[in-house]
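Q: Okay, here's what each chain looks like letter by letter:
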Amino acid sequence: MAQIGLFDIVGPIMVGPSSSHTAGAVRLGLAARRILGSEVQRAQIELHGSFAATYWGHRTDVALVAGLLGMGMDDERIPEALELAAASGLEYTFAAADLGDVHPNSVRLQVEGSAGSITLCGSSIGGGRINIFELNGFEVSLDGTYSVLLTRHRDAPGVIAEVTKVLAVHGINIAFLNVSRKARGFEALLVAQTDDPIPDLAVEHVRRVSQVLAVRTLPCF
Amino acid sequence: MQITSARELMELCAERQQNLAEVVAAYAAFRSSTTVEAVRERMRDSLAVMRASVERGRSDGGHLSRLISGYGRLFAQAEQEGRLLGGPLFKKSLLYSLSVSQCNASLGRIVACPTAGSCGVVPGALLAAAEELESSDEAIIDALLVMGGVGVVSASQGPISGAEGGCQAECGVASAMAAGAVVYLAGGSPEQVFAAASLALQSHLGLVCDPVASLVEVPCVTRNASSAAVALAAANMALAGIPCVVPYDEVVGAMKAIGRALPESLRETSMGGLAATPTGRRLAREMREKYRL
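Protein chains in written order, with my numbering: chain W, 15 to 235; chain A, 329 to 621.
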């Protein structure tokens, strides 16, 4: 049985009107900005299911833009997000889209900043909680409550063992580990969600593991 | 340490020789690897936001809500002019819950409790009761911990979203949480806390989620106030020693089963109930035309 926390029930502290359609949407936008790692300059926002049907009542559109601007779900400037986006030069487009057999409150965000661009798909699963289920085309499952290590590597024997060994040496406990690949022997993605923050030195050591192409950490969001 | 049912929570109280508030705080501290003091501080922040949302909602003109406007302000004005019935506890509970829910509909800051759609119930009943009892903030924080404990055992055994269980899972659970908190604040026993929670949820069984035009406004805002009143009624009955007969855990089980039996049209899809009335459909059409991008 899932363990329910006290502040899962009393909270979140948020700007209304809906924890799933407003607060969760702010967090999805903020997750995209945090993962991008810089200010968002352009965003393509595709709304799926209930998000597409009811965004205008729950201000899901406003909430997503607020998150892209870096606001948290309790930020009282959320209602003015579209005006603030115009003032800060954030360009965005909205469209309805069918993302397939996913949670009804889902969105695809393609965001671009000075440091590059990312695409993520995420769902607002209730009470302000979110789940990022796709990142740059790879299947993931991230809720933003853990530190995350991501590696892009070649699908080969021993890579995962080496990467997790580095985490072990640094005393970092892995809470969840997920590995996916596009095809055997091609590019693969490792996602380790950890109880402890991941120091730069550990990232540097992971980078030196043979067959690892790229490494990065994600902050909580 | 785990809390997944009212029975388990009451057993923990007996085992640890602690009251409900202490056990819930210890559970929360254990679960997030923090201290009881830090848990209480976080609850103090929630209390401050609840009070601020009452203040904002009672003066809000409602220019950001879509269908309704200024329900808290209307009620406050009527009270000032002496046009309302009942004593201070009853009137304040309605005023506070209407205000918090109006604040939510107007894109103000609130504490979801357990959800945003039901955020007015607990502050309505609990803050009104706290004024009548002249409770200290520490006592209110204890009651909020107990309220959260009732919520934790509810969510461990049943739905707390309208999409899964209908409004009984939102305003119903909120009313149970509020009733338990009020009984605790008034000095009731752990058994009376859960009797009150049980009685409050019993009065909400079968309640559907049918918001007009997919907005958290009609009937949500006024229903929050009604659920706060039910919480106070349940609290008084439990304090009088009236038994709930069916224990809280079993009432949550019944609520879950009823939620499963509800058709999708009555679970937050705005396809049935009030949303499907001629007025509901007309308003939905008007709102869509006015606000869609």
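These are computed hints drawn from the structure, not numbers from a lab. All of these numbers come straight from a predicted model, not from anything done at the bench. Each hint should be verified, as a subset may be incorrect.
Unchecked claim - Covered stretches of chain W (in silico footprint by chain A; criterion: 3 or more residues with CB under 8 angstroms from a CB of chain A, positions within the stretch not fixed):
hint: 1; segment: 32–46
hint: 2; segment: 89–102
hint: 3; segment: 130–142
hint: 4; segment: 153–162
Ideal placement from N, C-alpha and C gives every residue a C-beta, glycine not left out.
Q: Now tell me, hint by hint, if it's right for this structure.
A: Consistency of the hints with the structure:
With 5 residues having a Cβ less than 8 angstroms from any Cβ of chain A, the segment 32–46 of chain W passes the three-residue criterion, so the hint holds. Note: the segment 89–102 of chain W has 3 residues with beta-carbon separation from chain A under 8 angstroms; the three-residue rule is met and the coverage holds. Residues of the segment 130–142 of chain W lying with their CB closer than 8 angstroms to a CB of chain A number 3, which satisfies the three-residue condition for coverage. Restraint check on the segment 153–162 of chain W versus chain A: 0 residues with Cβ-Cβ distances below 8 angstroms, three needed, restraint violated.
Going through the hint list in order, the structure does not satisfy hint 4, though it satisfies all others.
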